[in-house]
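Quick note on my numbering: the sequence shown kicks off at 69 and runs consecutively.
In case anyone wonders, no lab produced these hints; they're calculated from the structure. Please note: incorrect hints may appear among the correct ones.
30 Å max Cα-Cα, derived DSS-like pairs, lysine-lysine [as the list claims (entries may be wrong)]:
1. K272 with K210
2. K284 with K213
3. K246 with K121
4. K270 with K284
5. K253 with K272
6. K284 with K81
7. K256 with K246
8. K272 with K121
These numbers were taken from a predicted model, which means no experiment stands behind them.
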Amino acid sequence: MSQLNVDPQEIAKFEAFAAIWWDQHSEFRPLHMINPLRLNWIDEHAGGIQGKKVLDVGCGGGILAESMARRGANVLGIDMGLAPLNVARIHAEQEGVHNIEYRQITVEQLAEEQTGQYDVVTCMEMLEHVPDPASIIQACYKLVKPNGHVFFSTINRNPKAYLFAIVGAEYVLRMLAKGTHDYSKFIKPSELAHDIRETGLKLKDMTGLHYNPLTKRYWLAPNVDVNYMVYTQKESQNETAE
69 MSQLNVDPQE
79 IAKFEAFAAI
89 WWDQHSEFRP
99 LHMINPLRLN
109 WIDEHAGGIQ
119 GKKVLDVGCG
129 GGILAESMAR
139 RGANVLGIDM
149 GLAPLNVARI
159 HAEQEGVHNI
169 EYRQITVEQL
179 AEEQTGQYDV
189 VTCMEMLEHV
199 PDPASIIQAC
209 YKLVKPNGHV
219 FFSTINRNPK
229 AYLFAIVGAE
239 YVLRMLAKGT
249 HDYSKFIKPS
259 ELAHDIRETG
269 LKLKDMTGLH
279 YNPLTKRYWL
289 APNVDVNYMV
299 YTQKESQNET
309 AE
């Protein structure tokens with residue numbers, strides 16, 4: 069690639085918060101709270117991740133990656149932020165989680181190295197932070213094995229999402245640092261579905277991630293107005309040819 073599909077400002081933003089990544093009372097508290105939900109959703113749709121080769125794209129400080137390794141998966145987490153990766157490595161070492169590795173590399177570069185090597189690929193809360201989301205999706209397609217599973221999550225682009233994900237989460241409830249999200253980079257489900265189809269992945273399921281500020285509880289439900297997750301599968305060559 070002549071130009072890396074990264075936004076230096078986005079990398080710097082998350083590098084600045086690397087030291088508090090595993091602090092469950094910090095700006096990363098929402099990630100810690102939703103992690104059991106997304107981990108179980110991934111595990112269920114992938115038919116179990118134990119013993120499988122899993123790639124976590126945009127792994128940051130390793131919250132999801134490490135939790136998948138704890139479920140018995142052999143995990144590689146990749147990110148372009150060096151500080152979060154160092155935090156992730158140290159945390160895994162301190163916790164005695166050995167079936168996990170971290171690399172500073174773009175997913176497009178990794179796709180050239182390891183085409184068709186992974187049973188499961190996850191790319192969560194990342195697509196809205198890169199210049200070209202479609203390129204990320206294409207690389208994930210290349211990296212997963214035939215019949216393998218690919219998961220994405222992002223934020224819808226509509227007035228409700230702006231109100232909840234930016235005004236509510238960043239300014240009113242102060243759950244996230246101000247400037248965490250850029251509304252113009254949010255992705256409508258129809259746009260994501262289009263990019264998924266263009267790669268050859270098959271969209272299998274979609275669910276919304278919801279939060280009640282009064283009970284401080286997250287749950288999954290079909291409504292995808294704000295945060296949502298998508299499950300896709302790479303069809304085998306035989307299925308594609310039919």
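Outcome of the hint check:
no.	hint	in the structure
1	K272 with K210	18 Å, holds
2	K284 with K213	38 Å, violated
3	K246 with K121	36 Å, violated
4	K270 with K284	34 Å, violated
5	K253 with K272	24 Å, holds
6	K284 with K81	26 Å, holds
7	K256 with K246	22 Å, holds
8	K272 with K121	21 Å, holds
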